[in-house]
Amino acid sequence: MHTYAERVFVDVATGRPLAGRRATVVDAETEAPVQAYRNGEPVTLVSGAHGTVDEFQTESTTRRVRVSIDSRSLSSWALELVGASGQATDEALADAKAYTDSKVAPLASSASVTAGDQKSLADAKSYTDSKVANLDPLPTGGTTGQVLTKTSTGSAWQNSPTGLPSGGSTGQVLTKTSTGEAWADPQGSAYLIVGPGRPDQPSTTAGTITGSEPVGAEYRSTDGGNVGAWVWRKRLGNVWEVSDGDTGWRVVSLTIAPWYSAASVRLRRVARMVYMEPHAPSMYGVWRLGKVDATGMGAQVAFTLDPGFRPANRVVAQILTGSDAADGERLGRMLIDGTNGAVRVKHPANNALSMTAAWPAAQPWPTTLPGTPA
14 MHTYAERVFV DVATGRPLAG RRATVVDAET EAPVQAYRNG EPVTLVSGAH
64 GTVDEFQTES TTRRVRVSID SRSLSSWALE LVGASGQATD EALADAKAYT
114 DSKVAPLASS ASVTAGDQKS LADAKSYTDS KVANLDPLPT GGTTGQVLTK
164 TSTGSAWQNS PTGLPSGGST GQVLTKTSTG EAWADPQGSA YLIVGPGRPD
214 QPSTTAGTIT GSEPVGAEYR STDGGNVGAW VWRKRLGNVW EVSDGDTGWR
264 VVSLTIAPWY SAASVRLRRV ARMVYMEPHA PSMYGVWRLG KVDATGMGAQ
314 VAFTLDPGFR PANRVVAQIL TGSDAADGER LGRMLIDGTN GAVRVKHPAN
364 NALSMTAAWP AAQPWPTTLP GTPA
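So in my numbering, the last spot in the sequence shown is 387, and the numbers never skip.
Since the hints were made in silico from the structure, they are not lab data.
Among the hints, erroneous ones may be present.
Stated by the list, open to error - Label pairs and their computed distance ranges (CB to CB):
1) S143 x R85: 34 to 44 Å
2) P55 x T381: 37 to 47 Å
3) A387 x T27: 18 to 28 Å
4) T27 x S88: 18 to 28 Å
5) A325 x S88: 52 to 62 Å
6) D136 x T74: 44 to 54 Å
7) M286 x G250: 52 to 62 Å
8) L94 x V283: 42 to 52 Å
Idealized CB from N, CA, C, for every residue including glycine.
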């Protein structure tokens, strides 16, 4: 097996670590996909909280890999080959010096060589010796997988700070310094926080949110608070609002009667918008009313919207039906009350019903989700 040192991936534009992202590995020489291993077991590489992809191995047939996350790619040679190439370089330099010495020595002592030629040869040997002597040899010793870098002056080798830093606080983001010799807390890192739960309920964040976060800070939830709220932004007044959230479609049963068959609605909140549409799989996605009295249905409460899905004011949606021999094609309406969330239906016909509606939500992100997943 060949071993590859850990790598740190950051967004070039923002300096933020690319954390929690899946990494792809290919052979840098053939572009063929490569399987990564750890402890002899195949693994999928995922960057850690600081954008770090830890050390891994590949089959020994692969000499150099390129690891990519999003648009960032880093290539590296196997550590075993780096050490072997350094040893080969030292051996090649020694062979070159020995060859030069073997050729210059007999010429310098030959009687047929003029004094000028001897001086030229001596100068050439001196020049070669000076260049070989000034070459910085590779370090000796060390341990498997150890990584060394040159000091800032280029005069010596030292351990590279490739390990993760110790200490710090939950959600803190660190980046390498410009010299690559240390970890530092960059300016603005307090504006990017990663943790569980939802920041408007600090008790769900395992201590990540303390209340001291600056206005404009972004909180990236690792579990969406179990309600699809993934990214939050802090506003004035210590208020957190969802900037990237999606509850997914939720199926909510209707309580109004009569129906030929069971019917329900599908609800979904995406960021600030709420969407509603019919849901009746056995009726091709539309509702169907049973026969009612001659004046039709009154404005009955079909169901009630949960907090987090209600509009600020009343919303009126039009209901369209198919034709009926007795009633013909009719229009009805659905009234959505922003005060108590009541959804009322008034319809004079007795056939298939269809409608869609959308409105901006007036309340914060819901703490629980209604109905069942679609």
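Using the Cβ atoms, figure out if M286 sits within 52 to 62 Å of G250.
Check failed, 23 Å falls outside 52 to 62 Å.
Can you tell me whether the CB distance of A325 to S88 sits inside 52 to 62 Å?
With a Cβ separation near 54 Å, A325 and S88 satisfy 52 to 62 Å, so the hint holds.
The hint says 44 to 54 Å between D136 and T74; measuring C-beta to C-beta, is that right?
48 Å, holds
Cβ distance range 34 to 44 Å for S143 and R85, holds or violated
42 Å, holds
Cβ-Cβ distance between A387 and T27: within 18 to 28 Å?
Taking Cβ atoms as reference, A387 and T27 lie about 35 Å apart, which means the hint is violated.
Mind checking the hinted window 37 to 47 Å against the Cβ distance between P55 and T381?
39 Å, holds
Between T27 and S88, does the C-beta distance stay in 18 to 28 Å?
23 Å Cβ-Cβ, so the 18 to 28 Å window holds.
Check the following: the C-beta atoms of L94 and V283 are separated by a distance inside 42 to 52 Å.
About 50 Å separates the Cβ atoms of L94 and V283, which means 42 to 52 Å holds.
Consistency note: the structure conflicts with the earlier hints numbered 3 and 7.
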